[in-house]
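Keeping their order, the protein sequence lines are chains H and B.
Okay, so the first sequence: first residue is 1 according to my numbering, each after it adds one.
Okay, so the second sequence: first residue is 1001 according to my numbering, each after it adds one.
Source of the hints: derived by calculation from the structure; they are not laboratory data.
The C-beta atom is built at its ideal place from N, Cα and C for all residues, glycine as well.
Careful, some of the hints might be misleading.
A few chain H positions that, by computed beta-carbon distances, are all more than 12 Å from chain B [what the hints assert, rightly or not]: (1) Thr29; (2) Ser63; (3) Asp92; (4) Val136; (5) Gly153; (6) Ala184.
Each pair of labels, with its calculated beta carbon distance range [said to hold, decoys possible]: (7) Leu1199(B) to Ala21(H): 33 to 39 Å; (8) Leu1199(B) to Ala22(H): 35 to 41 Å; (9) Phe1135(B) to Asp92(H): 33 to 39 Å; (10) Trp203(H) to Thr1006(B): 52 to 58 Å; (11) Trp203(H) to Leu1241(B): 37 to 43 Å; (12) Met1001(B) to Ile258(H): 54 to 60 Å; (13) Ala1014(B) to Ala247(H): 25 to 31 Å; (14) Tyr23(H) to Leu1204(B): 49 to 55 Å; (15) Ile258(H) to Gly1056(B): 53 to 59 Å; (16) Lys101(H) to Ala1014(B): 54 to 60 Å.
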Amino acid sequence: MNFGRLEKYLAITRTQLINSAAYPLDLATRSIMIVLFMAIFAQLWNATFRAMGQTTIAGLTLSETMWYLMMAETIVLSKPRLSHTISESVKDGSVAYLLNKPYNFLLYHFSVAFGDGLSRIVFNALAGGTIVWLAVGPPPDARGIPLALIAIGLAWLIDSCMTAAIGLAAFVTEDVAAFDWIYAKFVLILGGVLIPLDFFPDWLRGIVQSLPFAYSVYGPARLFVSPDLARFATLLLGQVLWLAALATLLTLAYRRGITRLAINGG
Amino acid sequence: MKRELTFLLALWKANLLAAMEYRVTFISQVIGMMLNNAVYFIFWIIFFDRFQQVRGWTLSEVFLLFGVVATSFGAGVYLFGNVMDLANVIANGRLDYYLSLPRPVLLHVLASRSITSGLGDFTYGVLSFIVARQFAPDTIARYVFGVILATIVFIAFLTLVQSLAFWIGNAAMLSQQVSNALVTFSLYPITLFEGSARLVLFTLIPAAFIGAVPAEFVREFSWATLAQMIVAAGALLTLALFAFRRGLRRYESGSAIQVQL
Chain H
1 MNFGRLEKYL AITRTQLINS AAYPLDLATR SIMIVLFMAI FAQLWNATFR
51 AMGQTTIAGL TLSETMWYLM MAETIVLSKP RLSHTISESV KDGSVAYLLN
101 KPYNFLLYHF SVAFGDGLSR IVFNALAGGT IVWLAVGPPP DARGIPLALI
151 AIGLAWLIDS CMTAAIGLAA FVTEDVAAFD WIYAKFVLIL GGVLIPLDFF
201 PDWLRGIVQS LPFAYSVYGP ARLFVSPDLA RFATLLLGQV LWLAALATLL
251 TLAYRRGITR LAINGG
Chain B
1001 MKRELTFLLA LWKANLLAAM EYRVTFISQV IGMMLNNAVY FIFWIIFFDR
1051 FQQVRGWTLS EVFLLFGVVA TSFGAGVYLF GNVMDLANVI ANGRLDYYLS
1101 LPRPVLLHVL ASRSITSGLG DFTYGVLSFI VARQFAPDTI ARYVFGVILA
1151 TIVFIAFLTL VQSLAFWIGN AAMLSQQVSN ALVTFSLYPI TLFEGSARLV
1201 LFTLIPAAFI GAVPAEFVRE FSWATLAQMI VAAGALLTLA LFAFRRGLRR
1251 YESGSAIQVQ L
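All chains should be built: construct the whole structure from the sequences, respecting the hints.
So this is what it looks like as structure tokens:
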């Protein structure tokens, strides 16, 4: 597999970022969803904390819960969406157009998707952050931002490996929509997007926290509200291990998929 | 009326036969959507496992809520699938095809496409209602009636929003966001929302009439709830028909050659 030089992929990401930034209104409109979710969560968790009569539940205050959810939503709503792009290029045959270019097919899609994601994350974080700030005040610890950003980069790579693998399933099943929906819901639940994993029953929490979904959402979002170096180091180690495993599986799936490719016409 | 019904049945039959041509895709979409909803519901199971109830709502009430919302959403997008794409149909000049035929335009556009995954939503909704264990005959009758009215509200409201394309051109993104908001809000207990947020859910984004109000009606009969649902469905349907007809007068064909498959 020819990965080539990293600069060309950075150039692709940069180009895509500029493309997306050319339509700020479109990006702002896409941020409506995070505003809605944060408005609902503010009501739900406010009512829940009040009903429980506690300031802390499973180690999280209301403010930490809301900022955690804001970061988790930002990660998920902004993340690269590779499954649809890749499955479409497999179905319509445009994969053949990219295969003979001097770059790796998967890394090309990763780079484009990251460019899109970077432009979305700014708008989502601003929109979601504003709602949460108004509801519960400022973020608990600003030192969490740089650590979380590093973790989000790795989280997106883990997620991209899984969604790219779903996209490549189009070589076999053609339509991958159903896999995509179910994967998205796994991320919502097992990644801790709708409810922090800290609130899960004890027997389930241990299992869920070791899955890649947790490393792609829960880990960075939790680090954002409780930043400390020990947590950061543990998270990073887990992310690197999952990334290595998933990238290997993806490469194998890609090689097998290419052997099944049949292009009709030109 | 009978003519229109026969026409609708013919369209739905044609849509079903077309979808069944690709059986694996058909089945995967239906089962996939059911699994998708089931995985989403795990959130509420985990939530109520820890917190038992929130503002008077328990897991049983949420099962009932999902029973109403998923069934009406599924019925809506399966029977009138183009309601999710009407803004694009208008903006891209694809109404030409429907205008040239001697059938009611709006009915024809909406029913000429079925979203297969809607059958998965529909089935999941029915299963969710069964899990809520409300088996009394009058409860089942209220469930059917509530779902029909919720479906009308859903279709009418989306038609109204998507008809904005006649005036503002590309309303697809706006429609998508509004539709997401409608479904998202309808799946949460209404008691969470107070003041202006609650007012919005009964008016601008009428999510309450797709979820909480019909679910309340299924749980317990009340003339007030029934009247609310009928007025909401009637008003939105009237508004949607009015907006579409007014918009149609502004419609300009792009003279694009379209092939209707």
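Supplied distance hint 35 to 41 Å, evaluated on CB atoms of leucine 1199(B) and alanine 22(H) | 37 Å, holds
Just checking, serine 63(H) versus chain B, shortest CB gap more than 12 Å?
-> 18 Å, holds
Status of the stated non-contact between valine 136(H) and chain B (beta carbon gap over 12 Å) | Consistent with the label, valine 136(H) stays out of reach of chain B, its closest Cβ about 16 Å off (over 12 Å).
Range hint 37 to 43 Å (beta carbons of tryptophan 203(H) and leucine 1241(B)) holds or violated | At roughly 54 Å between Cβ atoms, leucine 1241(B) and tryptophan 203(H) fall outside 37 to 43 Å, so the hint is violated.
Taking the shortest Cβ-to-Cβ distance between aspartate 92(H) and chain B, state whether it exceeds 12 Å.
-> With a cut-off of 12 Å, aspartate 92(H) remains clear of chain B, as the shortest Cβ separation is near 16 Å.
Given as non-interface: glycine 153(H), partner chain B, CB spacing beyond 12 Å = The claim holds: glycine 153(H) sits with its nearest Cβ about 27 Å from chain B, beyond 12 Å.
Starting from the range 33 to 39 Å, see whether the pair phenylalanine 1135(B) and aspartate 92(H) falls in it by beta-carbon distance.
-> 49 Å, violated
Leucine 1199(B) versus alanine 21(H) beta-carbon gap, inside 33 to 39 Å or not | Distance hint for leucine 1199(B), alanine 21(H) holds at roughly 36 Å.
Minimum Cβ-Cβ distance from alanine 184(H) to chain B exceeds 12 Å | 8 Å, violated
CB of lysine 101(H) to CB of alanine 1014(B), is that within 54 to 60 Å?
-> 42 Å, violated
C-beta pair isoleucine 258(H), glycine 1056(B): status relative to the range 53 to 59 Å that was hinted = Holds, at about 57 Å.
Is the gap between the beta carbons of tryptophan 203(H) and threonine 1006(B) within 52 to 58 Å?
-> Given about 57 Å between the Cβ atoms, the range holds.
Checked against the numbered hints given earlier, this structure breaks hints 1, 6, 9, 11, 13, 14 and 16; the rest are met.
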